[in-house]
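Peer 1: Residue-level listing of the chains:
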Amino acid sequence: MSEPLLDIRNLTIEYPTPAGRFLAVDDVSFKIDAGERFGLVGESGSGKSTTILALMRMLRGGIVSKGQMLLNGRDLAQVPDASYRSLRFAEMSLVPQGAMSSLNPVLRIGRQIDDIFEDHGVVHRPKDRIAIIESLLQRVGLPAAVRHRFPHELSGGMKQRVCIAMSIALKPSVILADEPTSALDVMVQKQVLATLGRVQKELGAAVILIGHDMALMAHFVSKLGVMYRGKLVEMGPVKEVFANPQHDYTKMLINSLPTFERRTRAAAADRRSS
Amino acid sequence: MGLLEVRAASVVFHAGRASAKTALHDISLSIGGKTPSITAVVGESGSGKSTLIRLLLGFQNPTLGEVLYAGDNIAALTRGAARKFRREVQAIFQDPFDAFNPFYKIDHPLVTPLRSFGLAASRDEAYARIETTLRSVGLVPENTLGKYPHQLSGGQRQRIMIARALLLDPTVILADEPVSMVDASLRATILDILYELRRDLGISLIYVTHDLTTAYQVADTIVVLHGGQIMEVGAAEKVVHDPRHAYTRALIDAVPSPDPDVAWNLDEDIAPPDAFLAGDTKLALYATEPDRAIASVARPGQTPVTAAEIQRFVALQKVLAA
Chain A
0 MSEPLLDIRN LTIEYPTPAG RFLAVDDVSF KIDAGERFGL VGESGSGKST TILALMRMLR
60 GGIVSKGQML LNGRDLAQVP DASYRSLRFA EMSLVPQGAM SSLNPVLRIG RQIDDIFEDH
120 GVVHRPKDRI AIIESLLQRV GLPAAVRHRF PHELSGGMKQ RVCIAMSIAL KPSVILADEP
180 TSALDVMVQK QVLATLGRVQ KELGAAVILI GHDMALMAHF VSKLGVMYRG KLVEMGPVKE
240 VFANPQHDYT KMLINSLPTF ERRTRAAAAD RRSS
Chain B
0 MGLLEVRAAS VVFHAGRASA KTALHDISLS IGGKTPSITA VVGESGSGKS TLIRLLLGFQ
60 NPTLGEVLYA GDNIAALTRG AARKFRREVQ AIFQDPFDAF NPFYKIDHPL VTPLRSFGLA
120 ASRDEAYARI ETTLRSVGLV PENTLGKYPH QLSGGQRQRI MIARALLLDP TVILADEPVS
180 MVDASLRATI LDILYELRRD LGISLIYVTH DLTTAYQVAD TIVVLHGGQI MEVGAAEKVV
240 HDPRHAYTRA LIDAVPSPDP DVAWNLDEDI APPDAFLAGD TKLALYATEP DRAIASVARP
300 GQTPVTAAEI QRFVALQKVL AA
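Chains A and B, in that order, are what the protein sequence lines are. Numbering that gives the first Met the number 0 puts the first residue of the first sequence at 0, with every later residue one more than the last. Numbering that gives the first Met the number 0 puts the first residue of the second sequence at 0, with every later residue one more than the last.
In isolation and in its complexed conformation, chain A is listed as follows (with noise of 0.2 Å):
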């Protein structure tokens, strides 16, 4: 057995407030295989994207009290946070939720993806690395004149694109996705998981894909984790998941989707007496 790309072990992450510790993520553990597709569930507070802004360190306030974050078997606390600077994009990467507000507003979309490379102290040729630009906005479906843009003048779809291009810009060996399609419409909400459903599998990169739409889930990813109130309560793969729940409220999740198989309880009553 290979060892796991990603190894998150008794994971406790607490924010200080005037009221005493807030646990907000409990003793979390949980393995992802290289390539692997992963997606964590729970509601507002649940501690699913605090739990992957520690891994990116990116905590505001939040302090690991106890745990490990294993990455290719290196030991994430040991890393000083000035090369934490220079993991981040070339080993793993993260899609912001928010990609409305992610971008600076005042850059060009080329510039932006620019600076990732100057930042990592990638050299190319100038002509060079307009052409990857541009092949890595075409390979988000996007046209590669994009990169003149500024984010204004792109819709929100084309925005979280631009963004997972920026996620794959250095080849990461894990995508972080917090919640991608959240303020998306449902059509262009498909579009951009399988756009970053395709990048991943031609990178071979493991993905973390966190939300609160089970129905996202059960067509995304191999392996699900459900996160309740800071625990981990349930995890395995998603099809045993969606058959057999065990924990109360993953069956809430479950059963609270909403199908156009059913109608509201009060609609159904009706019918039922007609």
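These are computed hints drawn from the structure, not numbers from a lab. Take these hints with a grain of salt, some might be off.
[Said to hold, decoys possible] Which bits of chain B does chain A cover? Going by a derived footprint, with three or more residues having C-beta under 8 Å, they are: (1) 95-109; (2) 179-187; (3) 190-202; (4) 221-231; (5) 254-262.
[Stated by the list, open to error] In silico contact screen, one side only, chain B against chain A (beta carbon under 10 Å); selected entries: (6) D25; (7) T34; (8) S44; (9) A80; (10) D123; (11) A127; (12) A235; (13) I251; (14) L265; (15) D266.
[What the hints assert, rightly or not] Computed, partial: chain B to chain A, Cβ under 10 Å: (16) E43; (17) D210; (18) T287; (19) A321.
Quantities reported herein were computed from a predicted structural model and do not represent experimental measurements. Glycine included, each C-beta is placed from N, C-alpha and C at the ideal position.
Dock chain B against the given chain A, drawing on the hints supplied.
Peer 2: Relative to chain A, chain B alone:
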């Protein structure tokens, strides 16, 4: 004729001299009247659904066409008729966190409308009425009244929004994405309440949403709006289970099934949204069946129908079936 009617209304926004955007294009709808109904208006961002709500509330004047309430153009109502319109047509908005003034207790937005419309003679009468209404939407008055908005959950606040609308004995309720910001576990409860309003109180509902599944769960008629035009209108059952317009089909295909074993074809290409509009060519609705119509480029020699006619037919069928 419907109680609240949109007749051939278009809304055009001008940005400077050169550019104009048609937010709504020749829309006719019919709501309420003898046959109370629930109509869901389904559309993505930019489809014109928010403009439609503003139009129905009289916050936006149509560039062409008119909106009538009880037969009168709402842009030119007498003082008395305008008051009646404001009381009888109520709205429930999307964001239960934004709708309340944080400095007032929750009692304030409930008592004030009763007082200003003269619906309660005394404070005790007002509170009696408020308590009954709160119970009807599943809230416990003792745990709700006297609290500030921040002490209540999103689901509780959205129910208070519904109670506030109900207090005024409305005939029509316009609900703009009422469940999109409510936790999944509470959505079904709120949709149940909305559904029961029509059944038990005869209140007609326009349910505006981006979510075809919840639209299907409550509505009699579904209106699919895209780029300011109606793409398909018909009985909810038909629109969802046998969609005839390509845009409706694309919209339904984009909704992931809650069953992991039902394929979702993530790899297949999706047509760009503009593909369903014929550029600037005017589309018209043509009936495929008595209870459904779809948009197509004008067909000479064939008479177009309006969404209002389809809505009325579906509502009538519903009454006849009961």
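Peer 1: Look at each hint and say if it fits the structure.
Peer 2: Okay, the hints, checked on the actual structure:
no.	hint	result
1	95-109	violated (count 0)
2	179-187	holds (count 5)
3	190-202	holds (count 5)
4	221-231	violated (count 0)
5	254-262	holds (count 7)
6	D25	violated, 24 Å
7	T34	violated, 15 Å
8	S44	holds, 6 Å
9	A80	violated, 33 Å
10	D123	violated, 32 Å
11	A127	violated, 26 Å
12	A235	holds, 9 Å
13	I251	holds, 8 Å
14	L265	holds, 5 Å
15	D266	holds, 6 Å
16	E43	holds, 4 Å
17	D210	holds, 7 Å
18	T287	violated, 20 Å
19	A321	holds, 6 Å
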